[in-house]
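Residue numbers (my numbering), protein chains in the order written: chain A, 15 to 161; chain B, 48 to 232; chain C, -10 to 106.
No lab work stands behind these hints: they were computed from the structure. Model, not experiment: these values are computed from the prediction. Glycine residues also receive a C-beta, built at the ideal position from the N, C-alpha and C atoms. Any given hint could be a false lead.
[What the hints assert, rightly or not] Residues from chain C that keep clear of chain A, each with C-beta distances beyond 12 Å, as calculated:
{"#": "1", "residue": "PHE(-8)"}
{"#": "2", "residue": "GLY(-6)"}
{"#": "3", "residue": "LEU35"}
{"#": "4", "residue": "ASP52"}
{"#": "5", "residue": "GLU89"}
{"#": "6", "residue": "GLY92"}
{"#": "7", "residue": "LEU100"}
{"#": "8", "residue": "ASP104"}
[Stated by the list, open to error] No farther apart than 25 Å at their CA atoms in a straight line, the calculated lysine to any residue pairs in the SDA-like style are these:
{"#": "9", "chain 1": "A", "residue 1": "LYS34", "chain 2": "B", "residue 2": "LEU113"}
{"#": "10", "chain 1": "A", "residue 1": "LYS83", "chain 2": "B", "residue 2": "GLU123"}
{"#": "11", "chain 1": "C", "residue 1": "LYS21", "chain 2": "B", "residue 2": "MET48"}
{"#": "12", "chain 1": "A", "residue 1": "LYS34", "chain 2": "B", "residue 2": "VAL140"}
{"#": "13", "chain 1": "B", "residue 1": "LYS124", "chain 2": "B", "residue 2": "LEU53"}
{"#": "14", "chain 1": "B", "residue 1": "LYS124", "chain 2": "B", "residue 2": "GLU177"}
{"#": "15", "chain 1": "C", "residue 1": "LYS21", "chain 2": "B", "residue 2": "CYS58"}
{"#": "16", "chain 1": "B", "residue 1": "LYS124", "chain 2": "C", "residue 2": "VAL32"}
{"#": "17", "chain 1": "C", "residue 1": "LYS21", "chain 2": "B", "residue 2": "VAL140"}
{"#": "18", "chain 1": "C", "residue 1": "LYS21", "chain 2": "B", "residue 2": "SER133"}
{"#": "19", "chain 1": "B", "residue 1": "LYS124", "chain 2": "C", "residue 2": "TYR91"}
{"#": "20", "chain 1": "A", "residue 1": "LYS34", "chain 2": "A", "residue 2": "GLY54"}
{"#": "21", "chain 1": "B", "residue 1": "LYS124", "chain 2": "C", "residue 2": "GLU89"}
{"#": "22", "chain 1": "A", "residue 1": "LYS34", "chain 2": "A", "residue 2": "TYR46"}
{"#": "23", "chain 1": "C", "residue 1": "LYS21", "chain 2": "B", "residue 2": "PHE56"}
{"#": "24", "chain 1": "C", "residue 1": "LYS21", "chain 2": "C", "residue 2": "THR93"}
{"#": "25", "chain 1": "A", "residue 1": "LYS83", "chain 2": "A", "residue 2": "PRO38"}
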Amino acid sequence: MNLGELRFMRRKVILRVVSKFIIPFILLFGLYVQWHGDFGPGGGFQAGVIFASAIILYALIFGVEQTRKAIPAWVTRSGLSVGVLLYAGVGVATLLLGENFLNYNALANDPVNGQHLGILLVELGVGITVCCAMVTIFIAFAGRGHR
Amino acid sequence: MIVFTLLGFMCATVVGIIRIRDLFSVVMLTGMFSLLGAAIYVVMDAVDVAFTEAAVGAGVSTVLMLGTLALTSREEKTTGSSRAVSGGLIALVTGVILIYGTLDMPSYGDPQSPIHNHVVPRYINQSPNEVGLPNVVTSVLASYRGYDTLGETFVIFTAAIGVIAIIGRGRRRRKKPEDQTEADT
Amino acid sequence: MEFSGLFVYWIIVALMMSGLYIVIAQNNLVKKIVGLNVFQVSVFLLYITMGKVTGGTAPILADNITVYSNPLPHVLILTAIVVGVATTSLGLALVVRIHEAYGTIEDDEILEQDDDA
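Chain A with its partners taken away, still in its complex shape:
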């Protein structure tokens, strides 16, 4: 038996249709949580997990091979490091602009604008890393045992 008995799940018409209908909205909600996290509840951590859960739902219903066609392994693996590098890169950029590490005031003319930009970038980095980490971990579990 493989995770969720993928072959079995693929035959369930209702699951297929409903998940096809729902997945775009989950992705959209993930993006909303990512970009609206400064003003309401949300942020990179939550958005990453929600985004990843949409991909995991897809993998549960349509199978791991199908998901790997849509999102190859190199995308998630490089995304994993791109997020961290983006976060640390913002820190280095502030260093080069003559401020302390991760002090975003220097990123724009106005300190408050700089903070906005810095937080947006940093949250994006967190979101990318978390999303890719969850997808990578899930596919490592689900892809085990049926290769």
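We have chain A already, so just place chains B and C on it with the hints.
Same frame as chain A, now just chains B and C:
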């Protein structure tokens, strides 16, 4: 009162987790435990945390545990545990010590307690001018305590790398001959 | 000294200790990880209860609200939850590998096999 009701549900869930042998049910109960925790976070004004716990604890980690069950076994062996007594004793003693420790703590919801009077007034009063975001949690997370969050991101990165290193590649030794046809359908 | 304000902490300590009991007393490795999860969620609860202010609201600034709950524990726990699931998955991956190497996930059987070898 809502808090106590939800905590009561959580205690009942834990009793279920301890007693039930079917691991599938145990994993489902763990998901419920996390979801109840998320409900409590909402009551205690921690909306961001509740959001994360509902998505992570009740969603992703349940799926991962089910994945583990699919790769291992669904039933716990029914042999009696040899460490039930010592485990219970250790838990009891530790619990009593911890409860003794809570006697000094400020009572629940006390606005005068030290935790609310250290750096937090600055976060709440100054962050509109210094960071300019309405969500204080975001501004503390990403700006005031950016170092922390960078470290946490590295931990997630490392954990994912670890999972890839442990089970990301390679085959199971017990290879099924029908694998090929299964992949084709 | 009145204890009614501390009662929440006591229930949470009880939950925490059930998690510890599961980790120590249960033989099944998946159940041990479930116990760690229970312990973890209880610790998170302890932090969040400390951040609550009576009459306060969620720390999202708005006009005509003056009392906010403490955002600091929220920040700490928010990141801890995601790190928690990442480390849990690492533990589960180890369980999968142990099952492949030993054919069982009961720790007494694993110890027996180690002793025989």
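Okay, the hints, checked on the actual structure:
no. : hint                  : verdict
1   : PHE(-8)               : holds, 33 Å
2   : GLY(-6)               : holds, 27 Å
3   : LEU35                 : holds, 20 Å
4   : ASP52                 : holds, 14 Å
5   : GLU89                 : violated, 9 Å
6   : GLY92                 : holds, 14 Å
7   : LEU100                : holds, 25 Å
8   : ASP104                : holds, 29 Å
9   : LYS34(A) / LEU113(B)  : holds, 22 Å
10  : LYS83(A) / GLU123(B)  : violated, 37 Å
11  : LYS21(C) / MET48(B)   : violated, 31 Å
12  : LYS34(A) / VAL140(B)  : violated, 52 Å
13  : LYS124(B) / LEU53(B)  : violated, 31 Å
14  : LYS124(B) / GLU177(B) : violated, 58 Å
15  : LYS21(C) / CYS58(B)   : holds, 18 Å
16  : LYS124(B) / VAL32(C)  : violated, 29 Å
17  : LYS21(C) / VAL140(B)  : holds, 20 Å
18  : LYS21(C) / SER133(B)  : holds, 16 Å
19  : LYS124(B) / TYR91(C)  : holds, 15 Å
20  : LYS34(A) / GLY54(A)   : violated, 28 Å
21  : LYS124(B) / GLU89(C)  : holds, 17 Å
22  : LYS34(A) / TYR46(A)   : holds, 19 Å
23  : LYS21(C) / PHE56(B)   : holds, 21 Å
24  : LYS21(C) / THR93(C)   : holds, 14 Å
25  : LYS83(A) / PRO38(A)   : holds, 18 Å
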